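S.K.: Spelled out, the chains give:
Protein chains: 2
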Amino acid sequence: MNSKLSKIQIAIKSLIEINDEEWGYYSAMFNIRHYNKKEVLLQSGKICDRIFFINKGLLRIFFLDKEGNESTFYFSQENDFAVDYESFINHTSSNYTIEAMENTQVVHMSYKMVLDGYKKLRYGEKLGRLLAEKYFIIFSRKIQNIYTKTPYERYKLMDLQFPNIRQRVPQHYIASYLNISSVHLSRLINKRY
Amino acid sequence: MNSKLSKIQIAIKSLIEINDEEWGYYSAMFNIRHYNKKEVLLQSGKICDRIFFINKGLLRIFFLDKEGNESTFYFSQENDFAVDYESFINHTSSNYTIEAMENTQVVHMSYKMVLDGYKKLRYGEKLGRLLAEKYFIIFSRKIQNIYTKTPYERYKLMDLQFPNIRQRVPQHYIASYLNISSVHLSRLINKRY
Numbered sequence: 005m006n007s008k009l010s011k012i013q014i015a016i017k018s019l020i021e022i023n024d025e026e027w028g029y030y031s032a033m034f035n036i037r038h039y040n041k042k043e044v045l046l047q048s049g050k051i052c053d054r055i056f057f058i059n060k061g062l063l064r065i066f067f068l069d070k071e072g073n074e075s076t077f078y079f080s081q082e083n084d085f086a087v088d089y090e091s092f093i094n095h096t097s098s099n100y101t102i103e104a105m106e107n108t109q110v111v112h113m114s115y116k117m118v119l120d121g122y123k124k125l126r127y128g129e130k131l132g133r134l135l136a137e138k139y140f141i142i143f144s145r146k147i148q149n150i151y152t153k154t155p156y157e158r159y160k161l162m163d164l165q166f167p168n169i170r171q172r173v174p175q176h177y178i179a180s181y182l183n184i185s186s187v188h189l190s191r192l193i194n195k196r197y
Numbered sequence: 005m006n007s008k009l010s011k012i013q014i015a016i017k018s019l020i021e022i023n024d025e026e027w028g029y030y031s032a033m034f035n036i037r038h039y040n041k042k043e044v045l046l047q048s049g050k051i052c053d054r055i056f057f058i059n060k061g062l063l064r065i066f067f068l069d070k071e072g073n074e075s076t077f078y079f080s081q082e083n084d085f086a087v088d089y090e091s092f093i094n095h096t097s098s099n100y101t102i103e104a105m106e107n108t109q110v111v112h113m114s115y116k117m118v119l120d121g122y123k124k125l126r127y128g129e130k131l132g133r134l135l136a137e138k139y140f141i142i143f144s145r146k147i148q149n150i151y152t153k154t155p156y157e158r159y160k161l162m163d164l165q166f167p168n169i170r171q172r173v174p175q176h177y178i179a180s181y182l183n184i185s186s187v188h189l190s191r192l193i194n195k196r197y
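Residue numbers (my numbering), protein chains in the order written: chain A, 5 to 197; chain B, 5 to 197.
The set of hints was computed from the structure by calculation and includes no laboratory data.
Check each hint, because a few of them may be wrong.
Pairs involving identical chains hold if they fit within one copy or between any two copies, as the list cannot separate such chains.
[Claimed, not checked] Listed below are the simulated BS3-like cross-link pairs for lysine-lysine, each with C-alpha atoms no more than 25 Å apart in a straight line: (1) K195 / K153; (2) K123 / K17; (3) K8 / K60; (4) K153 / K50.
The model shown is predicted, which means the values in this text are computed figures rather than measured ones.
All chains should be built: construct the whole structure from the sequences, respecting the hints.
M.R.: Next up, the structure:
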């Protein structure tokens, strides 16, 4: 078996039952791609027609706020997925840009492949449901964090959600993720750590 | 057929194929309930163990922000669903409260019933996926609205999403939904309409 597919196989098997025959059929449709640091995997305005699974490396997902500033929405690390899921399921222009923060190896799952999976895998629809639920939870927590958590609480939650992220990305992306200024972030770090 | 189930039957049939035998089995598990204006259907802190479908009336979904103020998240009108979906799928305490804004007739879908549907309806998992996608889209748009839209743009989008809502709920709930003060809302209305 292609060892570059071993991590996504584990990820999918943690969600649904998939037998060897199904895996053989399904796995033939994956594509492996390498992106250099700073390379853009998805540009906002384009339709997101694939889901990215990270074998190695780190992706940042961001959008432009009403002042035209980048707002970091999410970091996808090893063994996680990255996608503009609304663009993906509705075939609408993406609001998000996805860029590599490190040299990154990803597995591409195309839209066609996911649709095929719904029909041809015994538990394809369940896989779709669990992925939709996963993205729902990410967005649900984001909203709760915005409205109900202080910047310090958001900072602590970020550490839990993205272990070692502070060692992997420049501080201004952390500030942008937390929706606070870099000055505010420095003050938080100096006060509490 | 129970005429109180005709609207939810249409809603479900718009999502999946369901034959008479399946509908007979599934529909026997619905419950019809009436709530008076101001009555609470789900209290935050409790586990949300059912999805509400609105036959007639209007529900408001809100949470408390970090200052302890009510923040209106969503209005569910006729033919729409209402749920704290994160609490529902994860069996965690609800962050949201759901209350009736008018005398409201709802159809209850219990957690057990939804799980049963995943297994026993031919397209049960697909129904689950489409409901998860629906909630994902609501949350995704909410985040885009918060970060990328002006209060006036949010106001216009609200009119599209919830027709006639301004005639059905007191103005302070509209302000709370738009995440602006009542004074700001009055100024918006006077300037633009």
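S.K.: Classify it for me, K195 with K153: is the Cα-Cα distance of at most 25 Å met within a copy, between copies, both or neither?
M.R.: The answer is within: 18 Å in one copy meets 25 Å, while 34 Å across copies does not.
S.K.: Is the C-alpha distance from K123 to K17 at most 25 Å within one copy, between copies, in both cases, or in neither?
M.R.: both (17 Å within a copy, 19 Å between copies)
S.K.: With identical chains, the pair K8 and K60 could be close in the same copy or across copies; at 25 Å between alpha carbons, which is it: within, between, both, or neither?
M.R.: within (10 Å within a copy, 53 Å between copies)
S.K.: Given identical chains, is K153 near K50, meaning Cα to Cα at most 25 Å, within a copy, between copies, both, or neither?
M.R.: between (33 Å within a copy, 20 Å between copies)
In summary, the structure agrees with every hint in the numbered list given earlier.
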